[in-house]
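Enquirer: Take a look at the letters that make up each chain.
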Amino acid sequence: MKRLAVLLLLLTLISPACAADIDLTKMSKTMLFAVVLDIRSRPEQYLGKSVRMSGKFAIIQGVDAQGQPDPDKIFYNCVIPGAQSSLEFGVAGELYYPEDFPDLESTITVEGVYEKYEDNGKVYYRVGQSEIDF
Amino acid sequence: MTEVVPSSPQTRPALLVCEDLTIGYEGVPVLEKLNFEVRAGDYLYIVGENGSGKSTLMKTILGLTPPLSGRVVTGGGLKRSEIGYLPQQTAVQKDFPASVREVVLSGCLNRMGLRPFYSRTEKDRAARSMERLGLTGLAGKCYRELSGGQQQRVLLARALCATRKLLMLDEPVTGLDPNAAAGMYDLIASLNGEGVTVVMISHDLSAAERHASHILHLTGHGWFFGTREEYLSSDVRRRFAPAEGGER
Amino acid sequence: MMQEQLAQLATYFQYPFVRYAFIVGVLVALCSSLLGVTLVLKRFSLIGDGLSHVAFGAMAVAAVLKLTTTTVLTLPVTVICAVLLLYGGSRRIKGDAAIAMLSVSSLALGYLLMNVFSRSANLSGDVCSILFGSFSILTLDPLEVKLCAALSFAAIAVFVLFYHRIFAVTFDEDFSMATGLNARAYNLVIAVVIAVIVVLAMNLVGSLLISALIVFPALSAMRVFRSFLSVTVCSAVISVACASCGIIVSILAGTPVGSTIVAGNILVFLACALLGRMRGSAQ
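Residue numbers (our numbering), protein chains in the order written: chain A, 1 to 134; chain B, 1001 to 1248; chain C, 2001 to 2283.
Read the hints as simulated data drawn from the structure, not as lab findings.
Don't be surprised by glycine CBs; every beta carbon is placed ideally from N, CA and C.
Warning: the hint list may mix true and false statements.
Just the calculated beta-carbon pair ranges, DEER-fashion [as the list claims (entries may be wrong)]: (1) A/GLY93 <-> C/ALA2149: 44 to 50 Å; (2) A/SER106 <-> C/CYS2128: 26 to 32 Å; (3) C/VAL2160 <-> B/GLY1075: 38 to 44 Å.
In the DSSO-like style, the derived pairs of lysine-lysine whose C-alpha atoms are separated by at most 27 Å in a straight line are [stated by the list, open to error]: (4) A/LYS29 <-> C/LYS2066; (5) A/LYS26 <-> A/LYS49; (6) C/LYS2042 <-> B/LYS1094; (7) A/LYS122 <-> A/LYS49; (8) A/LYS116 <-> A/LYS49; (9) B/LYS1079 <-> B/LYS1123; (10) B/LYS1141 <-> C/LYS2042; (11) B/LYS1165 <-> B/LYS1079; (12) C/LYS2066 <-> A/LYS122; (13) A/LYS116 <-> C/LYS2066; (14) A/LYS49 <-> A/LYS29; (15) B/LYS1165 <-> B/LYS1123.
Based on the sequences and whatever the hints tell you, model everything.
Expert: Shown next, in the form of structure tokens:
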């Protein structure tokens, strides 16, 4: 057991740096569920880490301070079926919905850095500054 | 190791006295107003038909079942934890993965108080007990691989670890072939000769007549207690029909 | 291929919850296998199964109440039921129907409660996950990890300190009582420890599979070894090996954790049965 732990530790050090810190596209289903749940339950620990995920595109309609739907606020989500969950993402650069975005429920791959942001006084977390592949 | 037994019966202390003992299950009495005593060095046979309450009596004396009325008094410096017991084997035990040494050692637990592990004393005690019963060669063997006779000897060794004063045996020769049974009787008789007081439940009247010093005969209607001589010349023996086996 | 898998495993181990899962998994496997030998020999296996269903019911209530540390509720409820079922001494034999009723009622009411009150998007998935331990060990919150570790150590300590007495009471309760051992007290201790282990094991293999975790290592060891001590030690080794391999295989291959561990245990059991038979015929 001790030798196995040392081996794993060494591999941790010598394995080449991944393109993304957290590559959800390469994970087994079991790990995927657990990692996404962990990201959602303990978001502070993942701030600043790069995340790569793939799933289905979905949106959430944002509201303004009075609770009325605000057409300029659209929040983008990546629904990850294997994890039975979804992660929100924000995009880098100037992109307009719906022209620059894929159809709803189409498969997308997102890569970005986990960050937090504020909306109507509340703190939310998302994979920010992302590149979308679709 | 052997105890010195005073020669005169009257000077030997009474280890067990049953006073007006009524025993039974769930309020239903099986035996009423039983009175007898066991003195140090005695060899008491408890005989009777199935259902006459022999096992219940033994369990009541040992404190496993409460009496319906009356009481059991221990004397002669005998502590509850100094009684060795050889109960009837259960099916679980016959198939139990334990070495002979482990089983015999478990008889030493009554002397350990709060100590978690066995010390040299207990291990020596167990070794002597096994040697006395000729089990040293089998010490490492698995209990479930032994024959019926060997298993009974192991349980007897365990009981000896618990005590050198009083042994209570519940039908120790059940299921043994005649040779093994005879060997068992001889073994127990020799232990009694060394000063161990023996109380044994048995179906075997002829063995009782050969070895016992006292006999307690339980019938469905009453009981007889006396020395072997008294028993041999009593009415009860003439009327007694040996049990035909069957349910307990 | 192997190199890839090991590298992937190394990245997985960077996550704290994977490390915790490993530690807690090994501890739970260890203490459940130790008590498993006693449980099997005292013919309590079905009671362990019944208790695991009670724990599911309690877990359902905890989920409805939105508790993150479900152990806080499941533990007392399971302990109380274990004491009621096991502490009765010889009266427990009549409790066969009582066990069945308690067990099935807990399952049914638990599922009912979850259906009525839970706002989860994937209720069946959640329930299945609790029943079969698909990911539970990987999703423990830090308090639960500490609680599980502490309880495991306590259970192991109790087992080691009371080892000889547990043996005596398992082998021959009547003899132990007759020679002055407080068998009732030890039965109580065993009942409480079993309840604790059932609650801990639910995190590792899920409610329905707890019996397998407790029973299989003991049965495997009993096929091969001859003394109570060697059976106990072997049972512990098998359980820890299957749990750790099971966790590793399931996170690499994407299989549910609970079933993978039990599958490992089954393979080891078959191997031991074969070994025992070969050894038996050679004698």
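Enquirer: Evaluate each hint against the coordinates.
Expert: Structure-based check of all given hints:
Taking the beta carbon of each, A/GLY93 and C/ALA2149 are about 47 Å apart, inside 44 to 50 Å as hinted. Checked against the hint of 26 to 32 Å, the C-beta distance between A/SER106 and C/CYS2128 comes to roughly 29 Å, which is consistent with it. Look at C/VAL2160 against B/GLY1075: about 39 Å separates their beta carbons, and that is inside 38 to 44 Å. Taking the CA atoms of A/LYS29 and C/LYS2066, the gap is about 25 Å. The hint holds against a cut of 27 Å.
Under the criterion of a C-alpha separation no larger than 27 Å, the hint pairing A/LYS26 with A/LYS49 is consistent with the structure, at around 16 Å. Restraint check: the Cα-Cα separation between C/LYS2042 and B/LYS1094 comes to about 13 Å, which is no more than 27 Å; the hinted pair holds. With a C-alpha separation of about 22 Å, the suggested pairing of A/LYS122 with A/LYS49 holds against the 27 Å cut-off. Proximity of A/LYS116 to A/LYS49 is assessed by CA-CA distance (about 12 Å); at most 27 Å being required, the pair is judged to hold.
The straight-line distance between the Cα atoms of B/LYS1079 and B/LYS1123 is roughly 22 Å, inside the 27 Å bound, and the hint therefore holds. This hinted pair checks out: B/LYS1141 and C/LYS2042 have alpha carbons roughly 22 Å apart, not beyond 27 Å. At most 27 Å may separate the alpha-carbon atoms for a hinted pair to count; B/LYS1165 and B/LYS1079 meet this at roughly 10 Å. With a C-alpha separation of about 22 Å, the suggested pair C/LYS2066 and A/LYS122 falls inside the 27 Å cut-off, and the hint holds.
Of the supplied pair hints, the one linking A/LYS116 and C/LYS2066 holds, its CA atoms being roughly 25 Å apart against a limit of 27 Å. For the hint linking A/LYS49 to A/LYS29, the alpha-carbon distance of about 21 Å falls within 27 Å, and the restraint holds. For the hint pairing B/LYS1165 with B/LYS1123, the CA-to-CA distance comes to about 19 Å; that is within 27 Å, so the pair holds.
Checked against the numbered hints given earlier, this structure breaks none of them.
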